[in-house]
Amino acid sequence: MISQLSWKIGGQQGEGVESTDRIFSTALNRLGYYLYGYRHFSSRIKGGHTNNKIRISTKPIRAISDDLDILVAFDQESIDLNAKELRVGGVVVADAKFNPTIPEGIDARLFSVPITAMAEELGTSLMKNMVASGASWALLGLPLEVFNKAVEEEFGRKGAAIVEKNIEAVKRGAEFVLEQAGGPLDEFKLDAADGKQKLFMIGNEAIGLGSIAAGCRLMAAYPITPASEIMEYLIKKLPKFGGTVVQTEDEIAAVTMAIGANYAGVRTMTASAGPGLSLMMEAIGLAGMTETPLVIVNTQRGGPSTGLPTKQEQSDLNAMVYGTHGEIPKIVIAPASIEDCFYDTIESFNLAEQYQVPVILMTDLQLSLGKQSCEPLDYNKIEIKRGKLVQNVPALEGHDLFKRYELTEDGVSPRVLPGEKGGLHHVTGVEHDEVGRPSENAVNRQNMMDKRLNKLNDMYIRDAIRVDAPHETPDLLIIGMGSTGGTIDEARTLLSLGGISTNHITIRQIHPFPTKLLLPYLQKAKQVIVIENNATAQLASQIKMHAGFAEKIESLLKYDGNPFLPSDVHKACKELSLDGNVQRV
Amino acid sequence: MATFKEFRNNVKPNWCPGCGDFSIQAAIQRAAANVGLEPENLAVISGIGCSGRISGYINAYGFHGIHGRVLPIAQGVKLANREMTVIASGGDGDGFAIGMGHTVHAIRRNLNVTYIVMDNQIYGLTKGQTSPRSAEGFKTKSTPEGSIESTLSPLEIALSAGATFVAQSFSSDLKQLTSLIEQGIKHEGFSLINVFSPCVTFNKINTYDWFKENIVNLEQFPDYDPTNRVLAMNKIMETNGMLTGLIYQNTTRKSYEDLVTGFKQEGLAKQDIMITPDQFDKLVAEFK
Numbered sequence: 042m043i044s045q046l047s048w049k050i051g052g053q054q055g056e057g058v059e060s061t062d063r064i065f066s067t068a069l070n071r072l073g074y075y076l077y078g079y080r081h082f083s084s085r086i087k088g089g090h091t092n093n094k095i096r097i098s099t100k101p102i103r104a105i106s107d108d109l110d111i112l113v114a115f116d117q118e119s120i121d122l123n124a125k126e127l128r129v130g131g132v133v134v135a136d137a138k139f140n141p142t143i144p145e146g147i148d149a150r151l152f153s154v155p156i157t158a159m160a161e162e163l164g165t166s167l168m169k170n171m172v173a174s175g176a177s178w179a180l181l182g183l184p185l186e187v188f189n190k191a192v193e194e195e196f197g198r199k200g201a202a203i204v205e206k207n208i209e210a211v212k213r214g215a216e217f218v219l220e221q222a223g224g225p226l227d228e229f230k231l232d233a234a235d236g237k238q239k240l241f242m243i244g245n246e247a248i249g250l251g252s253i254a255a256g257c258r259l260m261a262a263y264p265i266t267p268a269s270e271i272m273e274y275l276i277k278k279l280p281k282f283g284g285t286v287v288q289t290e291d292e293i294a295a296v297t298m299a300i301g302a303n304y305a306g307v308r309t310m311t312a313s314a315g316p317g318l319s320l321m322m323e324a325i326g327l328a329g330m331t332e333t334p335l336v337i338v339n340t341q342r343g344g345p346s347t348g349l350p351t352k353q354e355q356s357d358l359n360a361m362v363y364g365t366h367g368e369i370p371k372i373v374i375a376p377a378s379i380e381d382c383f384y385d386t387i388e389s390f391n392l393a394e395q396y397q398v399p400v401i402l403m404t405d406l407q408l409s410l411g412k413q414s415c416e417p418l419d420y421n422k423i424e425i426k427r428g429k430l431v432q433n434v435p436a437l438e439g440h441d442l443f444k445r446y447e448l449t450e451d452g453v454s455p456r457v458l459p460g461e462k463g464g465l466h467h468v469t470g471v472e473h474d475e476v477g478r479p480s481e482n483a484v485n486r487q488n489m490m491d492k493r494l495n496k497l498n499d500m501y502i503r504d505a506i507r508v509d510a511p512h513e514t515p516d517l518l519i520i521g522m523g524s525t526g527g528t529i530d531e532a533r534t535l536l537s538l539g540g541i542s543t544n545h546i547t548i549r550q551i552h553p554f555p556t557k558l559l560l561p562y563l564q565k566a567k568q569v570i571v572i573e574n575n576a577t578a579q580l581a582s583q584i585k586m587h588a589g590f591a592e593k594i595e596s597l598l599k600y601d602g603n604p605f606l607p608s609d610v611h612k613a614c615k616e617l618s619l620d621g622n623v624q625r626v
Numbered sequence: 019m020a021t022f023k024e025f026r027n028n029v030k031p032n033w034c035p036g037c038g039d040f041s042i043q044a045a046i047q048r049a050a051a052n053v054g055l056e057p058e059n060l061a062v063i064s065g066i067g068c069s070g071r072i073s074g075y076i077n078a079y080g081f082h083g084i085h086g087r088v089l090p091i092a093q094g095v096k097l098a099n100r101e102m103t104v105i106a107s108g109g110d111g112d113g114f115a116i117g118m119g120h121t122v123h124a125i126r127r128n129l130n131v132t133y134i135v136m137d138n139q140i141y142g143l144t145k146g147q148t149s150p151r152s153a154e155g156f157k158t159k160s161t162p163e164g165s166i167e168s169t170l171s172p173l174e175i176a177l178s179a180g181a182t183f184v185a186q187s188f189s190s191d192l193k194q195l196t197s198l199i200e201q202g203i204k205h206e207g208f209s210l211i212n213v214f215s216p217c218v219t220f221n222k223i224n225t226y227d228w229f230k231e232n233i234v235n236l237e238q239f240p241d242y243d244p245t246n247r248v249l250a251m252n253k254i255m256e257t258n259g260m261l262t263g264l265i266y267q268n269t270t271r272k273s274y275e276d277l278v279t280g281f282k283q284e285g286l287a288k289q290d291i292m293i294t295p296d297q298f299d300k301l302v303a304e305f306k
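Note that the protein sequences, when read in sequence, are chains A and B. Take my numbering: the final residue in the first sequence is number 626, and no numbers are missing along the way. Take my numbering: the final residue in the second sequence is number 306, and no numbers are missing along the way.
Keep in mind the hints are simulated off the structure, nothing from the lab. You may find that some hints are simply not true.
What the hints assert, rightly or not - Listed next, the in silico DSSO-like pairs over lysine-lysine satisfying Cα-Cα at most 27 Å (straight line): (1) A:LYS426 / A:LYS444; (2) B:LYS23 / B:LYS193; (3) A:LYS281 / B:LYS272; (4) A:LYS277 / B:LYS306; (5) A:LYS212 / B:LYS306; (6) A:LYS426 / A:LYS462; (7) A:LYS444 / B:LYS288; (8) B:LYS272 / B:LYS204; (9) A:LYS462 / B:LYS306; (10) A:LYS206 / A:LYS278; (11) B:LYS30 / B:LYS193; (12) B:LYS282 / A:LYS462; (13) A:LYS281 / B:LYS306; (14) B:LYS288 / A:LYS462.
To be verified - Taking CB as the label site, the calculated pair distances span: (15) B:THR294 / A:GLN288: 45 to 51 Å; (16) A:GLY130 / B:THR294: 49 to 55 Å; (17) A:GLN238 / B:MET292: 23 to 29 Å; (18) B:LYS306 / A:VAL129: 34 to 40 Å; (19) A:GLY428 / B:MET255: 50 to 56 Å; (20) B:PRO295 / A:GLY539: 45 to 51 Å; (21) A:LYS565 / B:MET292: 40 to 46 Å.
None of these values were measured; they are calculated from a predicted model. Glycine is no exception: its CB is placed at the ideal position from the N, C-alpha and C atoms.
Required output: the full structure, derived from the provided sequences and hints.
Here it is in structure tokens:
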């Protein structure tokens with residue numbers, strides 16, 4: 042019996058890889074297993090190799106694995122590209138149609154199944170994904186009725202006949218492979234899961250759900266990979282809550298529409314990725330200057346320019362922290378788990394209103410699109426805090442205006458919404474006085490700059506840094522952000538087996554940088570390694586700039602478009618600990 | 019009910035003496051009073067340029083945004099609170115150069131926003147460069163040999179983009195302008211009102227006298243039917259875009275707000291935002 046295994050399906054884009062993965066993982070989720078998915082895809086609709094990998098475990102997992110137990114291949118290319126991941130004794134289930142072969146030097150067992158032929162017998166080659174997934178499911182010895190239930194849900198709306206045919210396809214695939222193998226494979230027999238069905242979603246869905254819980258009722262956005270799922274989710278859900286999504290003509294319209302709507306009192310967000318974020322920069326400055334709450338989700342992908350639009354990267358950090366002209370207060374939050382995506386979205390909307398600043402919620406492609414098990418989400422933790430939003434203010438005298446930018450102790454001024462009789466005031470991106478009228482007065486300028494920039498002094502989000510520090514003075518302090526945490530933790534288990542002690546800090550508040558919180562841990566660590574998916578060590582630079590310790594901070598960088606594997610992190614940390622150097626992955 | 023004086027504030031505009039924008043400001047204030055608005059129910063959103071300052075000169079909720087983005091901001095305000103009357107305004111550079119993309123799409127979207135363009139055919143605040151509305155051959159600091167690009171016709175573009183309300187006026191004709199703004203505010207959908215607003219400092223060609231000579235008032239054509247789109251397009255072309263009055267109106271197309279599924283009449287900003295445990299459980303259950 043084993044506690045975890047990895048399964049992958051590969052083929053040409055548009056060949057049913059996605060739907061097979063969806064049904065397979067839904068069925069596993071029903072059985073209560075923890076799942077973590079990874080999509081390898083290209084920026085095109087049809088054609089091109091694509092594969093989806095799922096890690097299945099009886100315990101919580103938050104990382105992809107180095108190796109692979111079962112590969113389902115619709116073509117030889119899928120075998121050739123992925124066979125090297127197979128562990129010794131791994132299994133390939135492939136379509137007999139292309140006379141599959143296992144590349145030399147790979148010790149794996151091949152089950153050649155007439156996948157296309159069986160599907161065609163049932164009427165359409167479209168059903169080959171059902172034959173293939175049925176075969177691989179059967180090898181695991183998992184109950185077929187659970188799988189069939191998932192098939193029913195996937196195809197139910199297409200009618201009973203289609204469901205039946207698909208179930209028949211699953212059955213034929215299963216029977217064929219079981220005969221070849223002489224029954225389910227013992228080495229892949231998974232321990233029973235706890236039977237408790239988990240939530241199973243992608244980060245973008247958790248953000249969408251979080252935004253509804255946060256009271257977001259409008260979204261203005263322009264489609265882009267890997268952000269569009271947030272918009273797609275809200276397009277389905279917001280009308281039920283009185284709201285709507287506007288697909289704008291570009292990202293500049295999206296962000297400025299969101300600013301207008303937030304100004305008028307509706308929690309509104311926009312979401313994009315690198316190129317869209319670049320287009321929003323001027324407007325982010327407007328939100329900062331006019332102290333208009335704003336939530337922007339940036340789902341990072343490979344840059345620069347169009348870059349690697351469907352690949353993992355964490356290279357927008359500098360753009361998010363610094364990218365707008367002039368100086369404004371701004372909050373940048375990096376959720377580090379699927380649960381964070383939900384709770385941090387709610388917090389982002391609260392902070393945006395409490396501090397009247399733009400908040401950027403930054404994910405990365407793996408966090409946004411990797412489908413994974415999610416711990417139960419707690420309704421009781423949903424809190425809506427609107428800061429100094431005031432209502433029913435006293436009437437104004439003569440030509441008086443409401444002091445929307447009143448100089449206050451904490452820099453945050455009372456905010457009224459348009460429509461309020463006593464609240465008339467002016468809003469402008471030009472430097473302005475307390476009622477919002479343009480002013481070039483030097484004293485006013487300094488007061489207003491200080492007011493805005495001091496708002497975020499000593500502001501810390503929930504778990505601004507997430508600390509796992511079992512050692513007082515560890516050999517290594519590993520620092521990361523975003524989706525890399527699970528991978529780092531798996532590597533730490535391996536490192537500890539090799540006698541290397543590690544602490545792990547996930548930086549979740551990227552800006553303003555939580556220097557004070559981080560300092561004590563940097564001081565005590567013998568060496569520090571900062572792990573990030575970019576080429577210029579942007580997070581490490583923030584740490585060195587704010588906290589110092591440049592002499593003991595090393596970086597592990599990966600910018601080939603793929604997420605870190607536990608082995609990448611393990612190898613680099615081991616080398617650093619033993620030799621004091623790190624090689625690029 | 020508020021009078022037009024209540025839409026005035028005590029800020030002295032920084033426009034040049036004689037600028038056409040003064041009359042447009044007065045027309046907005048009069049129209050707002052004439053349709054029965056109170057200052058707190060009007061939001062004036064403006065762009066960047068001389069004209070963009072207008073949101074600070076009207077006693078109402080004012081938002082002075084960034085260059086070219088007046089329309090998305092205005093549409094955001096309207097979506098958030100459809101009970102507010104939203105006037106967007108800016109110059110021809112703001113709306114027809116940097117912001118042209120937004121103008122076309124705001125027209126298509128047809129939210130109930132009144133867009134008043136203060137068209138002076140020049141860039142004034144940056145001290146005299148060519149605009150998309152400048153005539154061919156027009157000499158400016160940026161076109162010392164005369165403009166070699168063709169002049170943009172916003173009225174034709176608006177009609178082609180599916181506009182439901184297209185009007186044009188002249189800042190000297192306060193009566194017509196006020197009436198058109200009133201009609202624009204009352205129109206259920208997006209209204210474009212392009213207003214010739216002479217720049218007395220940098221445009222020595224398109225002067226008050228020049229407009230008076232060249233303008234064709236639609237009142238001259240008692241049979242003109244502003245519900246006929248083909249006729250409207252012809253008239254714009256026949257007059258080389260120099261006509262004033264209500265050029266086209268389509269009252270049959272519903273506004274965007276009325277077409278959004280489940281969108282209530284009550285402003286979204288006024289609605290409760292906390293979801294119930296039951297609603298939350300239903301949303302979460304979809305991920306099981």
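Against the structure, the hints come out as follows:
1. A:LYS426 / A:LYS444: Holds, because 21 Å separates the two Cα atoms, which is no more than 27 Å.
2. B:LYS23 / B:LYS193: Satisfied, since the Cα-Cα distance of roughly 17 Å is no more than 27 Å.
3. A:LYS281 / B:LYS272: Status holds; Cα separation ~21 Å.
4. A:LYS277 / B:LYS306: holds, 18 Å
5. A:LYS212 / B:LYS306: Holds - the C-alpha atoms of B:LYS306 and A:LYS212 are around 25 Å apart, at most 27 Å.
6. A:LYS426 / A:LYS462: Holds, because 24 Å separates the two Cα atoms, which is no more than 27 Å.
7. A:LYS444 / B:LYS288: Holds: A:LYS444 and B:LYS288 sit about 22 Å apart, inside 27 Å.
8. B:LYS272 / B:LYS204: Roughly 13 Å separates the two Cα atoms, so the pair holds.
9. A:LYS462 / B:LYS306: violated, 47 Å
10. A:LYS206 / A:LYS278: violated, 32 Å
11. B:LYS30 / B:LYS193: Distance ~23 Å between B:LYS30 and B:LYS193 Cα, so the pair holds.
12. B:LYS282 / A:LYS462: holds, 23 Å
13. A:LYS281 / B:LYS306: Measuring from Cα to Cα gives roughly 20 Å; hence the hint holds.
14. B:LYS288 / A:LYS462: Within the cut-off at roughly 15 Å; holds.
15. B:THR294 / A:GLN288: 45 to 51 Å: violated, 28 Å
16. A:GLY130 / B:THR294: 49 to 55 Å: holds, 52 Å
17. A:GLN238 / B:MET292: 23 to 29 Å: holds, 27 Å
18. B:LYS306 / A:VAL129: 34 to 40 Å: holds, 36 Å
19. A:GLY428 / B:MET255: 50 to 56 Å: holds, 54 Å
20. B:PRO295 / A:GLY539: 45 to 51 Å: holds, 48 Å
21. A:LYS565 / B:MET292: 40 to 46 Å: holds, 43 Å
Violated hints, listed in ascending order, are 9, 10, 15; each of the other numbered hints is respected by the structure.
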